[in-house]
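Here's the letter readout for the chains.
Protein chains: 2
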Amino acid sequence: MSEPVKWCVAVIGCGLIGESWAALCLAHGHDVRAWDPAAERREGFAERLTRPLAQLAEVGQTGPGGNLPRGHLTVTASLPEAVAQADIVQENAPEQIPLKRALYTEIEAAATEDAIIASSTSALTWSDLTPEMRNPDRFITAHPFNPPHLIPLVELYGTQERVLERAEAFYRGIGRIPARLKKDAVGHIANRLASALWREAVHIVAEDIADVASVDAALRHGPGLRWSVVGAHMAYHLGGGTGGMAHYLAHLGPSQARRWKTLGSRDLTPEVCDLLIAGIAEEAAGRSIADLEAERDAGLIRALKVREKDNDV
Amino acid sequence: MSEPVKWCVAVIGCGLIGESWAALCLAHGHDVRAWDPAAERREGFAERLTRPLAQLAEVGQTGPGGNLPRGHLTVTASLPEAVAQADIVQENAPEQIPLKRALYTEIEAAATEDAIIASSTSALTWSDLTPEMRNPDRFITAHPFNPPHLIPLVELYGTQERVLERAEAFYRGIGRIPARLKKDAVGHIANRLASALWREAVHIVAEDIADVASVDAALRHGPGLRWSVVGAHMAYHLGGGTGGMAHYLAHLGPSQARRWKTLGSRDLTPEVCDLLIAGIAEEAAGRSIADLEAERDAGLIRALKVREKDNDV
Numbered sequence: 011m012s013e014p015v016k017w018c019v020a021v022i023g024c025g026l027i028g029e030s031w032a033a034l035c036l037a038h039g040h041d042v043r044a045w046d047p048a049a050e051r052r053e054g055f056a057e058r059l060t061r062p063l064a065q066l067a068e069v070g071q072t073g074p075g076g077n078l079p080r081g082h083l084t085v086t087a088s089l090p091e092a093v094a095q096a097d098i099v100q101e102n103a104p105e106q107i108p109l110k111r112a113l114y115t116e117i118e119a120a121a122t123e124d125a126i127i128a129s130s131t132s133a134l135t136w137s138d139l140t141p142e143m144r145n146p147d148r149f150i151t152a153h154p155f156n157p158p159h160l161i162p163l164v165e166l167y168g169t170q171e172r173v174l175e176r177a178e179a180f181y182r183g184i185g186r187i188p189a190r191l192k193k194d195a196v197g198h199i200a201n202r203l204a205s206a207l208w209r210e211a212v213h214i215v216a217e218d219i220a221d222v223a224s225v226d227a228a229l230r231h232g233p234g235l236r237w238s239v240v241g242a243h244m245a246y247h248l249g250g251g252t253g254g255m256a257h258y259l260a261h262l263g264p265s266q267a268r269r270w271k272t273l274g275s276r277d278l279t280p281e282v283c284d285l286l287i288a289g290i291a292e293e294a295a296g297r298s299i300a301d302l303e304a305e306r307d308a309g310l311i312r313a314l315k316v317r318e319k320d321n322d323v
Numbered sequence: 011m012s013e014p015v016k017w018c019v020a021v022i023g024c025g026l027i028g029e030s031w032a033a034l035c036l037a038h039g040h041d042v043r044a045w046d047p048a049a050e051r052r053e054g055f056a057e058r059l060t061r062p063l064a065q066l067a068e069v070g071q072t073g074p075g076g077n078l079p080r081g082h083l084t085v086t087a088s089l090p091e092a093v094a095q096a097d098i099v100q101e102n103a104p105e106q107i108p109l110k111r112a113l114y115t116e117i118e119a120a121a122t123e124d125a126i127i128a129s130s131t132s133a134l135t136w137s138d139l140t141p142e143m144r145n146p147d148r149f150i151t152a153h154p155f156n157p158p159h160l161i162p163l164v165e166l167y168g169t170q171e172r173v174l175e176r177a178e179a180f181y182r183g184i185g186r187i188p189a190r191l192k193k194d195a196v197g198h199i200a201n202r203l204a205s206a207l208w209r210e211a212v213h214i215v216a217e218d219i220a221d222v223a224s225v226d227a228a229l230r231h232g233p234g235l236r237w238s239v240v241g242a243h244m245a246y247h248l249g250g251g252t253g254g255m256a257h258y259l260a261h262l263g264p265s266q267a268r269r270w271k272t273l274g275s276r277d278l279t280p281e282v283c284d285l286l287i288a289g290i291a292e293e294a295a296g297r298s299i300a301d302l303e304a305e306r307d308a309g310l311i312r313a314l315k316v317r318e319k320d321n322d323v
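Going down the list, the protein sequences come from chains A and B.
If you're matching positions, the first sequence starts at 11 in our numbering and goes up one per residue.
If you're matching positions, the second sequence starts at 11 in our numbering and goes up one per residue.
No incorrect hints appear here.
One copy or two, it doesn't matter: identical chains are merged, so the pair holds either way.
Subject to a maximum C-alpha distance of 16 Å in a straight line, what follows is the list of computed EDC-like cross-link-like pairs (lysine to aspartate or glutamate): (1) K193 to D218; (2) K193 to E217; (3) K192 to D218; (4) K192 to E217; (5) K192 to E171.
By construction, these hints were calculated from the structure, which means they are not laboratory data.
Remember, it's a predicted structure, so these values are computed and weren't measured experimentally.
Sequences and hints are given; from them, build the entire structure.
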């Protein structure tokens, strides 16, 4: 099958994640047909894309060469109308297994046999979602990282190499960087890493080693900045000097293993929650969620503008 | 005591970390007196600063206003000559307790009473290092993150607020961003977070969920990029929507706790080490350590050029 230059993308679920996917696809010249069961989320959807589309234009995410006309957006009144012509369906429903399974039954009934069905699920796995599907082979999990139109990562898992290759080409085409899982896993890769780090970040606060704002500052100006350029494994490869990872493991592996034993794990008791809530209020220092999001987006946009497309360290 | 505009900085230990500190101090107009017990590390020290100094100039780290003349470098033949006039002594010796303790005895004998004595130690704690000191009150741990002249973080712990305030002002003056510990801890903050994350990164490879290169790609293009802008606690505050951290903890805290239970911990067995070594070779794809370091530095320099000085999200 030859791939379309202009894909028809069905966006199912018009919340924040759906907005990001729609903006990305439109910016890269694809047509989008969007649907949400809630009329209040269908209404005003086009207007809500103004901000992500402006941000994408700012970071140069405007299609190959930047000269493709923006795609066409249609908000449909029903699910079948959204998916009937779709080359790919991107589902962004709430994280409830029965709800998602029921949606896939509806999608399969209306979509063509070749359409890829992709779920943005962060908490559920491929195996959780597919048991009732007629053709699970064309189903993949394709998990973006919030805010999805600015963070390039999309994590892919599926069972058919051909489907994954088509999906990978599509996501690369809208400026995403795919990372493949070889096995279905709760939290995919990125949220497993984020959870592991946050567990220790909570422990540090609960142990009174440092306050919330200091932990966040240490992360942003230390390992976070470095991990935006060099992955965790690669950092230790470089930490091994000219001997690389083998030298690192032989000489510093034992001290890592010892440090692992000093790491903590805390229950999110009311006392720990109170510490986190008080600490984040201190860090926010009066800034509203909207202020903080705007600062986050501005910081991400500055960072994205200077990122090499093929930064492959 | 009024603080000098131009500090005299003793750099003890002329390896990679010493080079970074010396370059930072000189670039910001301070005088540096450097010493190392090994003649081969004293020799050529000035020449080895050429590259970090050029990198600092590239990111605009050339002192307040960028118009201070570069400081003066003296490589001394003995430790007392390096520390006698120092306002601050930055020690970068190997991570061995007896060695460091012996150095502090020598430093205390030669330095003025007001000199701050700071250790770059990553693996040891304030309590490990101070028992034999005459005046431990002016001793602090000041841990930079590799590569220290490019990564802004310095993690501070000490027992005297006045000393910490002076040190903090000094480090801010050379473009560093200090994060304070309230309690002595192995790995300070950043390496505890990095260890916690890497433990899971190793587990993901050992479980065959994803390969080394995919884990690194997911980190760099997902959470790493975001953590370079927004800390881990702040990310969940924003993940809670308008209800912030309190809403996040109430609604998604339990799912985090469940995810924590699925995270792994692996011994660095020969089999696991082989997987990591083979995986990193695949990711490096023939690039030497020097190539990879050059790419890392180039990526960091691009990121640093667009960072806001007071990016405080």
